[in-house]
Every structure is written in structure tokens, then in C-alpha cells.
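Using the sequences provided together with the hints, build the complete structure.
With numbering that gives the first Met the number 0 as the guide, the letters of the sequence shown map in order to residues 0 to 391.
I should point out that these hints are in silico values taken from the structure, not numbers from a laboratory. Keep in mind that the hints are not guaranteed to be accurate.
Simulated restraints on C-beta separations [claimed, not checked]: (1) L107 / W374: 39 to 45 Å; (2) L348 / A134: 48 to 54 Å; (3) T356 / R127: 43 to 49 Å; (4) T356 / L141: 21 to 27 Å; (5) V183 / W374: 26 to 32 Å; (6) F363 / L149: 36 to 42 Å; (7) Q176 / W103: 33 to 39 Å; (8) T184 / Y369: 24 to 30 Å; (9) R364 / T139: 45 to 51 Å; (10) N128 / E178: 21 to 27 Å.
We put the CB at the ideal spot given by N, CA and C, even for glycine.
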Amino acid sequence: MPSSWLETRNQTSLPLLVDAHHPLTFLSLSSFRFKRSLPPTLCVETLRLGNSTRHTLSQVLETKTMSYASRDLESGGGASKNATTYSAAPTSYVYDPEVHWTSWLVPLFVAVNVVVFVVAMYVNDCPRNNVSFDADCVATFLGRFSFQPLRENPLFGPSSSTLTKMGALRWDDVVNQHEGWRLVTCIWLHAGIVHLAANMLSLVFIGIRLEQQFGFVRIGIIYLLSGFGGSVLSSLFIRNNISVGASGALFGLLGAMLSELVTNWSIYTNKAAALFTLLFIIVINLAIGMLPHVDNFAHIGGFLTGFLLGFVLLLRPQFGWLEQRRLPVGVHLKSKYKAYQCVLWIVSLILLIVGLTIALVMLFRGESGYDHCHWCHYLTCVPTSKWKCNDP
0 MPSSWLETRN QTSLPLLVDA HHPLTFLSLS SFRFKRSLPP TLCVETLRLG
50 NSTRHTLSQV LETKTMSYAS RDLESGGGAS KNATTYSAAP TSYVYDPEVH
100 WTSWLVPLFV AVNVVVFVVA MYVNDCPRNN VSFDADCVAT FLGRFSFQPL
150 RENPLFGPSS STLTKMGALR WDDVVNQHEG WRLVTCIWLH AGIVHLAANM
200 LSLVFIGIRL EQQFGFVRIG IIYLLSGFGG SVLSSLFIRN NISVGASGAL
250 FGLLGAMLSE LVTNWSIYTN KAAALFTLLF IIVINLAIGM LPHVDNFAHI
300 GGFLTGFLLG FVLLLRPQFG WLEQRRLPVG VHLKSKYKAY QCVLWIVSLI
350 LLIVGLTIAL VMLFRGESGY DHCHWCHYLT CVPTSKWKCN DP
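Shown next, in the form of C-alpha cells:
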């Protein structure tokens with residue numbers, strides 16, 4: 000993005016601060032968030048997948064296949080377990096690792112986001128409402144669906160005032176106007192067609208596979224609560240911008256994938272490779288979030304929320320639990336879950352409830368996160384000799 004565009008600061012044509020994680024050659028989950036200084040400003044969150052990342056993520060998810068032909072070392076040995084024996088066991092247990100749910104919720108989320116964007120462009124009506132006298136609307140053949148001038152919104156989308164009207168996240172509206180619903184509505188809005196496409200592609204490649212493995216209820220809860228958690232943390236630290244986008248929710252899915260790997264460690268094959276791949280993707284995206292003009296707080300908030308929810312919602316029974324039902328009566332049976340899984344479940348649930356409660360109380364009392372964390376500005380921008388970081 001041209002520096003001249005980023006440096007533009009005036010009342011009529013306000014620049015967008017871009018939270019852009021560009022596709023990487025190897026593992027790319029790019030996410031970005033756009034900001035504009037008030038009045039009004041714009042923050043956008045996106046998460047984009049490159050081709051190699053989609054292949055790698057598919058491999059990571061495939062490593063969740065149980066090693067049925069190996070011994071359950073953590074249970075102290077036992078007879079050899081193979082896939083034929085396992086599948087022949089009774090199937091009264093509600094969760095069968097061989098069952099794949101049909102994914103319909105993630106496609107529904109994609110459809111809702113597309114419809115909301117179309118409605119936002121209809122409300123925007125650039126030919127009638129454009130206030131930039133030195134720039135024309137883009138793609139005027141679309142009529143009232145044409146885009147704002149590129150110097151105002153380079154993502155081919157509506158104005159920030161339209162996004163605010165549609166429910167974008169803005170601290171003043173949430174706290175002083177008591178419009179807490181914006182913490183949820185903002186994750187369904189997008190700043191432009193580029194932003195929308197990047198986020199929806201990411202959601203399809205991450206979300207559909209997770210929904211097939213864990214079902215729509217658990218993945219839907221993780222997605223929505225992670226988006227909410229990202230909005231809360233962003234509002235605690237960012238006051239002079241509005242925010243829209245689903246990257247907080249998408250980071251929540253990544254966080255849930257990581258905690259699912261940890262809590263179900265004993266049933267993984269290629270554990271080290273799976274862990275390294277996930278950590279690499281997460282660290283790269285969070286690190287890029289520390290570039291200038293990037294708000295990383297929604298990403299961090301969404302990731303932490305999803306990480307804790309993964310311990311709570313994505314538990315799997317320990318290896319061999321189903322097979323033991325075929326043993327004679329009187330034989331000592333192992334518990335459904337390992338002790339460390341239960342501990343992580345309890346601790347994560349407590350941390351999630353306490354963390355969200357404290358954050359919401361601080362937010363609606365008008366407190367700033369910087370009052371309690373003076374160094375946290377480095378999480379969203381690290382100043383160097385090449386660039387400066389603007390005040391939030």
C-alpha cells in the first residue's frame with residue numbers, strides 16, 4: 000500500500016490502517032485489521048490462507064487419526080488394537096471417531112456474511128452519499144452498489160460511516176451509548192470485497208473440516224465466542240477506531256485446534272509435526288500483527304478464547320476406552336478421560352468465565368487496558384527506525 004495513502008489524515012478522506020497478513024510461501028494464515036483515525040475510523044480483521052497452508056492444515060487435521068494398530072502405552076500396555084477390532088465394537092457411545100458430521104453451519108456463516116456485505120453496499124449508496132469531491136466511486140456500473148473511492152477504502156467496500164451504522168465496533172458507542180450488541184455484530188461486517196473473500200476462504204478451509212470432525216454445535220460455539228472475546232479485548236485497548244471482521248473468530252478456531260491437540264495428545268500420530276505446524280502458523284500471524292497500522296488485540300483475544308474453549312469442548316475419550324466394553328464383567332475398566340484432561344477442562348472453564356467477566360466489567364466501567372498493561376502497545380505495533388506507531 001502506498002505510504003502516501005497511509006499517511007493521509009483529514010476529516011473527509013480518512014486512511015485505513017491495514018491489519019494485513021500476506022500469504023506466505025509455506026504456511027500462510029494471513030490476517031489483517033484495518034483502522035482509520037476518527038471521525039470515523041475503520042478497523043478490519045481478516046485471515047487468509049495460501050495454497051500450501053491449506054494443504055498443511057489438512058495434514059495437521061489428518062494426524063488426529065488414531066493409531067489403532069499400536070499399543071495404548073499410556074494405559075500400561077494391553078492387547079494389540081487394530082482398526083477392524085475397533086470398528087467392530089458396539090457403537091452406543093455418542094461420539095465415534097470414525098463418524099464425520101455433514102458441514103452446514105460453516106457454509107451458512109459464509110452465506111450470512113455475503114448477504115450482510117451486499118446489504119451494507121446497498122445502504123452505502125456511494126453515488127448519492129460520496130463526500131469526496133476529488134475522487135469518484137469505483138465500479139459505477141454497479142449503481143448504488145458501487146464502491147467507495149480507493150483512497151478512502153482500498154478494499155472495494157463501503158464507507159466507515161456506513162459500517163458504523165450497520166453495527167461496527169466502536170468504543171464510544173459500546174461504553175457511552177450502551178450498545179453492547181456491537182461486540183457481536185461487528186464480526187459479521189467486512190470492510191470490502193477483498194476483506195470478505197479472504198476471510199470466507201479461510202473460514203471454509205479451516206471451519207468445514209473442524210465441523211465435520213466435531214459437529215456444528217461445538218464449532219459454532221467456538222467461532223461465535225471467539226469473535227466476541229476478540230471484540231472485547233480490542234475494545235479495551237482500541238478507542239479511536241471502529242472495527243469489523245471475523246479474524247478474531249478465525250484465530251479462535253486456530254486456538255481450539257492447538258488446545259485439542261494438547262488435551263488429546265495420546266491419540267495423535269505425528270504429534271511433533273502437528274504441534275510444530277500449528278505453532279508456526281499461529282506465531283507467524285501474531286508476529287505480523289505487530290507491524291504498523293495493525294491492531295492485533297482482536298486476534299489475540301479470539302485466539303485465547305478459542306484456546307480455552309478447545310479444552311472444554313473438544314475432549315476425546317482416551318485411547319481404547321470404547322474397546323474395553325467387550326471385556327468380561329469384573330475386569331477393571333479405565334476411565335473415559337485421563338486425569339490431566341479433566342484438570343485442563345476445569346481450569347480452562349474457570350479461566351474463560353473469570354477472564355471474560357473481568358474484561359467486560361473493565362470495559363463497561365470505561366477502563367483502558369493500557370492502565371493495567373503499559374507495555375501492551377507492543378503487541379499491536381513495534382516501533383523501528385523504518386516506521387512509527389500511532390497512538391491507539
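Going through the hints against the structure:
no.: 1; hint: L107 / W374: 39 to 45 Å; verdict: holds, 41 Å
no.: 2; hint: L348 / A134: 48 to 54 Å; verdict: holds, 51 Å
no.: 3; hint: T356 / R127: 43 to 49 Å; verdict: holds, 44 Å
no.: 4; hint: T356 / L141: 21 to 27 Å; verdict: violated, 45 Å
no.: 5; hint: V183 / W374: 26 to 32 Å; verdict: holds, 30 Å
no.: 6; hint: F363 / L149: 36 to 42 Å; verdict: holds, 37 Å
no.: 7; hint: Q176 / W103: 33 to 39 Å; verdict: holds, 36 Å
no.: 8; hint: T184 / Y369: 24 to 30 Å; verdict: holds, 25 Å
no.: 9; hint: R364 / T139: 45 to 51 Å; verdict: holds, 47 Å
no.: 10; hint: N128 / E178: 21 to 27 Å; verdict: holds, 22 Å
Checked against the numbered hints given earlier, the structure breaks only hint 4 and satisfies all the rest.
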